[in-house]
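Novice: Sequence:
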Amino acid sequence: MSESQSPTTPSIRGERILVTAALPYANGPIHIGHLVEYIQTDIWVRFQKLLGRRCIFVCADDTHGTAIMLRARKEGRSEAELIAEMQAHHERDFAGFDIQFDNYGSTNCSENLELCQQFWSALREAGLVVEREVSQLFDTQAGTFLADRFVKGTCPKCHAPNQYGDNCDKCGATYSPVDLLDPKSTLTDSVPVLRNSVHLFVELEKLHGFLEDWALSDGHLQGEVANYLKGHFLGEPLRDWDISRPAPYFGFEIPDSPGNYWYVWFDAPIGYIASTWQWCKRHDEPLSDWWQNPETEVHHFIGKDITYFHTLFWPGMLKTAGFNLPTQVHIHGFLNVAGEKMSKSKGTFVTAETYLKYLDPAYLRYYFASKLGPRLDDLDLNLDEFVNKINADLVGKVVNLASRCARFVQQTGLANEYPDDGGLFESASQAGEQIAIAYQQCDYAKAMRLIMELADRANPFVENAQPWVLAKDETRGGEVQAICTVGLNLFRQLAIYLAPVLPKLAGQCGSLFGEPITSWDQSRQPVLGTKINTFEHMLARVKKEDVASMIEDSKDDLVNAPASNVAKWDDSDEALLAEPLAETCTIDDFVKVDLRVARIVAAEQVPDARKLLKLTLSLGGDHTRTVFAGIKAAYEPEKLIGRLVVCVANLAPRQMKFGLSEGMVTAAGSGGTEVYLLSPDSGAQPGQRVH
1 MSESQSPTTP SIRGERILVT AALPYANGPI HIGHLVEYIQ TDIWVRFQKL LGRRCIFVCA
61 DDTHGTAIML RARKEGRSEA ELIAEMQAHH ERDFAGFDIQ FDNYGSTNCS ENLELCQQFW
121 SALREAGLVV EREVSQLFDT QAGTFLADRF VKGTCPKCHA PNQYGDNCDK CGATYSPVDL
181 LDPKSTLTDS VPVLRNSVHL FVELEKLHGF LEDWALSDGH LQGEVANYLK GHFLGEPLRD
241 WDISRPAPYF GFEIPDSPGN YWYVWFDAPI GYIASTWQWC KRHDEPLSDW WQNPETEVHH
301 FIGKDITYFH TLFWPGMLKT AGFNLPTQVH IHGFLNVAGE KMSKSKGTFV TAETYLKYLD
361 PAYLRYYFAS KLGPRLDDLD LNLDEFVNKI NADLVGKVVN LASRCARFVQ QTGLANEYPD
421 DGGLFESASQ AGEQIAIAYQ QCDYAKAMRL IMELADRANP FVENAQPWVL AKDETRGGEV
481 QAICTVGLNL FRQLAIYLAP VLPKLAGQCG SLFGEPITSW DQSRQPVLGT KINTFEHMLA
541 RVKKEDVASM IEDSKDDLVN APASNVAKWD DSDEALLAEP LAETCTIDDF VKVDLRVARI
601 VAAEQVPDAR KLLKLTLSLG GDHTRTVFAG IKAAYEPEKL IGRLVVCVAN LAPRQMKFGL
661 SEGMVTAAGS GGTEVYLLSP DSGAQPGQRV H
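For the sequence shown, the working numbering begins at 1 and goes up steadily by one.
Hints may be right or wrong, so weigh each one.
Using C-beta positions, here's what the derived DEER-type ranges look like [to be verified]: (1) Arg92 / Ala668: 25 to 33 Å; (2) Val690 / Gly76: 40 to 48 Å; (3) Gly478 / Ala540: 27 to 35 Å; (4) Thr534 / Glu295: 41 to 49 Å.
Hints listed in this document are in silico derivations from the structure and should not be mistaken for laboratory results.
The beta-carbon is built from N, C-alpha and C at its ideal position, and this holds for glycine as well.
Please construct the entire structure, taking both the sequences and the accompanying hints into account.
Specialist: See below:
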């Protein structure tokens with residue numbers, strides 16, 4: 001459909017629209033946090049198709065990397081068997097939430113291998129690839145080099161603890177795993193060692209000018225993303241991108257570098273093109289129409305944690321290989337539940353499979369839509385609000401219109417002429433323009449507000465007219481037919497506007513009217529003089545007990561495990577026997593000790609002290625404490641800076657020969673090199689009390 005065909009159609013520049021969502025990793029199940037993105041993307045695609053635009057939605061499983069290799073090895077099966085099973089599970093879960101892909105593929109396919117070789121040749125020919133010997137972290141216990149996501153430590157820039165080896169989720173910095181402070185292998189919890197190996201790099205700085213022009217030009221990225229790139233990356237030389245991994249590794253071996261494999265972040269985005277190619281083969285269309293044609297728009301939907309890869313690496317690869325650049329990269333925030341990160345122990349880490357055991361997918365699709373805007377703000381799933389919003393909006397306002405009116409025109413059908421409704425239908429028809437613009441701009445929250453405003457105007461019309469009362473008087477059948485003709489047509493308008501979010505409801509509406517919803521323009525003309533089919537139940541109210549059952553079912557098995565299960569960890573009682581429990585104290589004794597989260601902002605050696613380091617602790621703002629801690633044999637001062645610790649903040653100051661000690665940091669261990677500072681989990685803030 002061209003813009004000239006419809007004055008309410010939001011602008012689009014291409015003849016074709018190609019849409020992708022980030023590829024889910026084939027190492028775990030889909031959960032409700034993932035579903036934010038796939039539901040967001042599916043809504044946008046369904047909206048484009050409802051406008052009559054030529055739009056396809058492609059995705060694939062991201063299947064390569066160390067994690068897949070190690071899991072397959074642990075489970076005693078091949079990587080191919082593992083990824084095939086996970087893909088089947090993913091496709092099942094997506095279908096359960098009415099997420100409709102035009103093609104869902106895998107990065108471990110022949111099309112992706114051929115395209116990787118094409119991209120690689122282009123990078124080589126452009127002189128962007130260099131070889132360099134690098135030091136890489138190696139887990140001697142697992143017998144493998146450690147991928148970025150298998151290393152955790154302290155961010156080298158902002159000193160946030162417990163960060164992965166590729167980027168910091170606190171400050172957004174990207175780095176190499178070897179740059180981390182206090183690195184630990186997440187596979188074995190051992191301290192990895194450095195080993196040298198030859199790696200291949202893309203010199204991204206040679207594309208700096210192009211990337212800056214693309215990223216900062218209007219329209220490709222949200223303003224806050226462009227500003228973030230400008231402030232954090234584009235204002236200085238771009239570092240080379242390590243694009244290879246040495247064996248052992250599950251992936252595609254680099255043809256001109258035996259023993260090295262393309263890093264998963266090289267072949268994963270190329271998977272977008274490979275999945276498109278599979279679709280093209282089925283529909284006998286050239287791939288070039290979709291990826292090498294200025295009349296095609298490419299839209300990526302991703303989470304903010306992979307911004308760097310999609311806004312710098314990927315455009316650079318596309319430009320070099322001669323493929324379409326993204327028209328827009330739509331970036332969303334994370335999902336929290338009740339204001340906190342999803343938690344297995346609390347049951348808020350809900351898999352798609354578990355959700356579908358208890359609740360209708362339409363509930364989550366609508367709730368997410370009511371929260372999603374065009375910015376990167378995190379979403380919060382408040383379970384009480386979830387129940388109330390679904391029951392009030394979808395059941396009480398939308399479905400209620402149809403259920404109250406349909407049975408009264410079962411025999412007569414709809415009126416042949418549209419009755420006077422005080423301008424309700426026409427007003428709702430005009431509102432379609434603003435609703436469409438909101439959908440196009442990914443401002444679904446605004447679209448839902450506008451739609452519910454229409455529902456709020458439609459319901460009083462039926463409520464005040466009371467067709468269920470008039471129907472008792474046989475002489476007023478004409479009035480009843482007129483009222484219900486209005487009510488049902490207003491319901492149908494709402495169903496059309498909600499069709500991208502609630503495709504099942506749109507299908508039910510089409511069955512009721514005997515005419516499927518296929519076009520946004522159907523909202524402009526009422527249906528008249530036609531039979532109405534028997535009303536079938538559309539959407540049940542959410543029951544709080546079903547939500548509670550879902551949460552309970554989602555709790556980590558370890559939370560409710562019997563005490564005997566502790567034995568499986570094989571923890572020795574040696575430490576407890578060496579230092580038995582102290583005498584019992586009362587709660588009053590305990591609360592006298594004020595334990596606080598603190599950040600080490602300075603650490604230095606103490607001359608002439610055998611065991612002590614001098615630490616400066618920040619409790620937030622200008623509140624600091626000087627502490628002398630007996631941890632010299634276990635820690636190097638420079639590696640402590642930025643680390644969060646737990647300190648005894650109300651300990652009486654103690655004058656030592658080296659200075660005044662104003663507290664104590666908590667630690668475990670037998671002393672000497674066997675000392676382990678206690679650290680709070682990520683997210684804790686200096687000054688917070690430990691309860």
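Novice: It remains to establish, for every hint, whether it holds in the given structure.
Specialist: These are the hints, each one checked on the structure:
1. With their beta carbons about 45 Å apart, Arg92 and Ala668 fall outside the hinted range of 25 to 33 Å.
2. Separated by about 43 Å at the C-beta atoms, Val690 and Gly76 satisfy the suggested range of 40 to 48 Å.
3. Judged by the Cβ atoms, the range 27 to 35 Å given for Gly478 and Ala540 holds: they are separated by roughly 34 Å.
4. Checked against the hint of 41 to 49 Å, the pair Thr534 and Glu295 passes, with Cβ atoms roughly 46 Å apart.
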